[in-house]
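If you want the building blocks of each chain, they are given just below.
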Amino acid sequence: MSEITDTLETAIENPVSGIDQASGNFKYEMTYDFDAGTGLNERTVDYISSVKKEAPWVHEFRQNALKTFFSKPLPTHWASKDLENINFDKIRYYLSQGLKPKRTWDEVPADIKRTFERLGIPEQERKFLAGVEAQFDSEAAYSNIKEAVSKQGVIFVNSTEGLREHPEIFRKYFGKVIPTSDNKFSALNSAVFSGGSFIYVPPGVKVSHPLQAYFRINAENFGQFERTLIICDEGAELTYMEGCTAPKFSTATLHSAVVELVALKGAKIQYITVQNWSSNVFNLVTKRGLAHEESEIKWIDCNIGSRLTMKYPGVVLRGRKARGEVISIALANDGQHQDTGAKMIHAADETTSTVVSKSISVGQGRATYRGVVHIPRHLKGCKNNTECDALLINTNSRTDTYPAITVRGDKHAVQHEASVSKVSAEQIFYMQQRGLTEGQAMSLSVNGFINDLARQFPMEYSVELKRLIDLEMEGSVG
Amino acid sequence: MPGTLPETAADLVGGFTPEVFAAHLASLPSAPAWWLERKRAAYARFEALPMPSRTDEGWRFSNLSGVRIDGFSPAEPGHARSPAALEVESSATLSFLNGLPAGAAPVAPALAARGVVVSTLLEAVARHPELLREHFMAQPQKLGSPKFAALHEAFVRDGAFIYVPRGVEVEKPIIVVHAAAGAGTAVFPHTLVIAEDNAKVSVVDYFASVDGARQFACGANDLYAGHGAKVAYAAAQCWSLETLSLQFNSTVVRRDARVQSLNVHLGARQARHESLSQLQAPGGFSEMLAVTVASGAHEFDQRTLQIHQAPNTKSDLLYKNALLDASRTIFSGLIIVDPDAQKTDAYQSNRNLMLSDDAESNSLPGLEIQANDVRCTHGATSSRIDPEQEFYLKSRGIPPKAANELLIFGFFEEVLDRLESEDLHAALRALIRSRFTA
Chain W
1 MSEITDTLET
11 AIENPVSGID
21 QASGNFKYEM
31 TYDFDAGTGL
41 NERTVDYISS
51 VKKEAPWVHE
61 FRQNALKTFF
71 SKPLPTHWAS
81 KDLENINFDK
91 IRYYLSQGLK
101 PKRTWDEVPA
111 DIKRTFERLG
121 IPEQERKFLA
131 GVEAQFDSEA
141 AYSNIKEAVS
151 KQGVIFVNST
161 EGLREHPEIF
171 RKYFGKVIPT
181 SDNKFSALNS
191 AVFSGGSFIY
201 VPPGVKVSHP
211 LQAYFRINAE
221 NFGQFERTLI
231 ICDEGAELTY
241 MEGCTAPKFS
251 TATLHSAVVE
261 LVALKGAKIQ
271 YITVQNWSSN
281 VFNLVTKRGL
291 AHEESEIKWI
301 DCNIGSRLTM
311 KYPGVVLRGR
321 KARGEVISIA
331 LANDGQHQDT
341 GAKMIHAADE
351 TTSTVVSKSI
361 SVGQGRATYR
371 GVVHIPRHLK
381 GCKNNTECDA
391 LLINTNSRTD
401 TYPAITVRGD
411 KHAVQHEASV
421 SKVSAEQIFY
431 MQQRGLTEGQ
441 AMSLSVNGFI
451 NDLARQFPME
461 YSVELKRLID
471 LEMEGSVG
Chain A
1 MPGTLPETAA
11 DLVGGFTPEV
21 FAAHLASLPS
31 APAWWLERKR
41 AAYARFEALP
51 MPSRTDEGWR
61 FSNLSGVRID
71 GFSPAEPGHA
81 RSPAALEVES
91 SATLSFLNGL
101 PAGAAPVAPA
111 LAARGVVVST
121 LLEAVARHPE
131 LLREHFMAQP
141 QKLGSPKFAA
151 LHEAFVRDGA
161 FIYVPRGVEV
171 EKPIIVVHAA
181 AGAGTAVFPH
191 TLVIAEDNAK
201 VSVVDYFASV
211 DGARQFACGA
221 NDLYAGHGAK
231 VAYAAAQCWS
241 LETLSLQFNS
251 TVVRRDARVQ
261 SLNVHLGARQ
271 ARHESLSQLQ
281 APGGFSEMLA
291 VTVASGAHEF
301 DQRTLQIHQA
311 PNTKSDLLYK
321 NALLDASRTI
331 FSGLIIVDPD
341 AQKTDAYQSN
351 RNLMLSDDAE
361 SNSLPGLEIQ
371 ANDVRCTHGA
381 TSSRIDPEQE
391 FYLKSRGIPP
401 KAANELLIFG
411 FFEEVLDRLE
421 SEDLHAALRA
431 LIRSRFTA
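Top line first, the protein sequences correspond to chains W and A.
Heads up, the first sequence is in the working numbering, so the first residue is 1 and it goes up one at a time.
Heads up, the second sequence is in the working numbering, so the first residue is 1 and it goes up one at a time.
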């Protein structure tokens, strides 16, 4: 264990700045069999494509995306100027030890396995998951689905396998919900994507337990670009959870995923994220779902880690009576900017959407809500309800709200409300005189603020979330 | 910007070429040198600044192709008659036609003796240069139009100057009429209101077109409320339905001062209204109200900014839009709470009443909060008339058209009710009504 480059001590010295990353803040030295080198050009893309033995159309898709990436400016006219600190020439775009994920933990190389064991993934799998994929840098090291679930026809593989072995299912939807040119980072992902989950649930199949993916960044100066595509066929139901960690390096790390969901008629998809990257990770993710008739897509998005997160999960409500929902929890501590939100694009009659966002800013942390609600011409009976609440803990904490709501026509009802507040001094006083310390009272109060949202998480996750918040709140007062 | 063609000099100035500007300066032979110098500096800024572009956040959702400033030229001295002022009992009136004075009813001698000044801007340039230097266009342009504000400053010909000294209260409103006549005319109306410490004043701006022709109005009004002052400002914007209107408002609120400003927008083909409220000292309160009737293919673009720069300040914004036909509205509001502006109480509300299937409302209610002990809330809604209310009126035998009107007036009444003057309330209600019957 001597090779652990651990920075737990720093976390202990400064409980506010780093403790949320503590559980993931360790690193084992690795040797990689495949390495695309540093920097990005056409040869990087060729290398990734040839290592993966991809079909010509995928290779072409990547090369076109690379051109789009180079041609697009950074969105700094509205977004944080911190984006300019990303040096695309200093990033390693592909690192893997092997291409084929293992089906049992025993086959996973020991140095990778101990990482995931330390993160508790195999244990969680035994306890309550229907399937797990564990991605280590660029590729999945482990991927397994319980036999009972695969017998129902559910496909759960990584993106490399999905494109190679099931093109008839995935090609039809790949890049269709989020086009390459959607934004600079979706273009980057489209050029160099690797890993991520490809899931197909056949008609009428209701997957009773969640499928989970765990993303781990291990290497310094690395960029992780997983690509996830989930298709729920008519009447199917799925809950998918993802978690992520990285050790804390002195240099910045980039994570830029693209996640596409397709819910066909009457399907239900619930996508849960607990983002706990270390505080040097730029987390720039594009997530969008396409909801057909009477289907439902729900994003539960919880952001605790990273240096800068820019992520606005969206739902395109394409079919009549489709429903979209985003539940967003963000916690921004010193040095962090959680720029999160939601996009609800109504494109059919009687579609409804709900956004509930709660953010907590601690120390000099900054939490931003950015949202889009769009109801185009000549639809009827569309509804949106958006609520954003921000809690500011310290005098110099910061929060922003930037929604954009476009409504056309007189047959809709759209409502947006936001409020900003601090922890009630009376509540804290009451709890203190009942014997709690100020810190405990603060934690309790903050947990109360997000309690109604946290309850929507599967129990294991909501317990974890509560623990993370308790840790974050330690030392934030006084 | 890469990919966009560089703007040519002609694109940048439209009809307001250096020759036109020289002619404008020549039309002000009696103006002092410092005033002309200021105008030259403003023109240089106007010439140099780019036109707003699609990537400007301050112009998000705006129809930029409608903001063309070619084909307009500064108004020639007209001989048309000025429109009648509002039927509101007043302390004084000032009228302007195409930017030139067109009649005035001076302030009562008793008030004048106490130092109250209601004069034209050019008179004030001569007599009160120190006040103009301090307050005329002195606040930052933070809402996207520094170019057009510079255009205003370069070409403003005359306007209203209202000064109320310390502790003096002017009870009845002062009415200012800004009228435009002639096709292709550009006017630059200006109203400057200075209420010194503990003064009280009420001012009404009335913008109207004499002939209904296509005009360009590029106006500004500056409100300054000293410590403990009370300023009530109302504007009725009734330009012709062909007019391009850009209006910039700045409000400065000092310690324990209260400012209420209400903008009623009824005219123009495309109107942009920028309103900046700066709460600079504890106890200040700014109430920002607006009522808009948008019809035809018109666009109303409202941008607001409430900046809380000191602790214990309060702001309350309520903007209501009724959208008919294929009209569009944009409301983009931002509350900024500076670090240390603890105990801020800020509210912002935008309500859109959708009355047509072709109408489009855009709401961007924003917050930037950097202090934790605050109460900041905003809300935005876009919806049709409540079907239950509609049904109720129907069941009482009220014809649908009349019922609709009642409900629309009920919608606006929440804003108009906040006016202190019943006189003014009635006059504005009548103006709104005429918009529906026209």
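Please note that a few of the clues may not be correct.
Said to hold, decoys possible - Label-pair ranges, simulated between beta-carbon atoms:
1) A:Asn63 <-> W:Gln440: 28 to 38 Å
2) A:Arg68 <-> W:Glu60: 52 to 62 Å
3) A:Gly103 <-> W:Ala425: 33 to 43 Å
4) W:Gly120 <-> A:Ser65: 54 to 64 Å
As the list claims (entries may be wrong) - DSBU-like cross-link-like pairs, simulated, lysine-lysine; straight-line CA separation at most 30 Å:
5) A:Lys142 <-> W:Lys422
6) W:Lys81 <-> W:Lys184
7) A:Lys200 <-> W:Lys383
Hints in this document: simulated from the structure, not taken from any laboratory.
Quick caveat: nothing in here was measured; it's all calculated off a predicted structure.
Yeah, the Cβ is synthetic: ideal placement off N, Cα and C, and Gly gets one too.
So, going through the hints one by one against the coordinates:
1. A:Asn63 <-> W:Gln440: 28 to 38 Å: violated (55 Å)
2. A:Arg68 <-> W:Glu60: 52 to 62 Å: At 43 Å between Cβs, range violated.
3. A:Gly103 <-> W:Ala425: 33 to 43 Å: Between Gly103 of chain A and Ala425 of chain W, where Cβ atoms are some 59 Å apart, the hint is violated.
4. W:Gly120 <-> A:Ser65: 54 to 64 Å: For Gly120 of chain W and Ser65 of chain A the Cβ distance comes to about 58 Å; the hint holds.
5. A:Lys142 <-> W:Lys422: Between Lys142 of chain A and Lys422 of chain W the Cα gap is close to 28 Å, so the pair holds against 30 Å.
6. W:Lys81 <-> W:Lys184: holds (15 Å)
7. A:Lys200 <-> W:Lys383: Roughly 46 Å between the alpha carbons, so the hint for Lys200 of chain A and Lys383 of chain W is violated.
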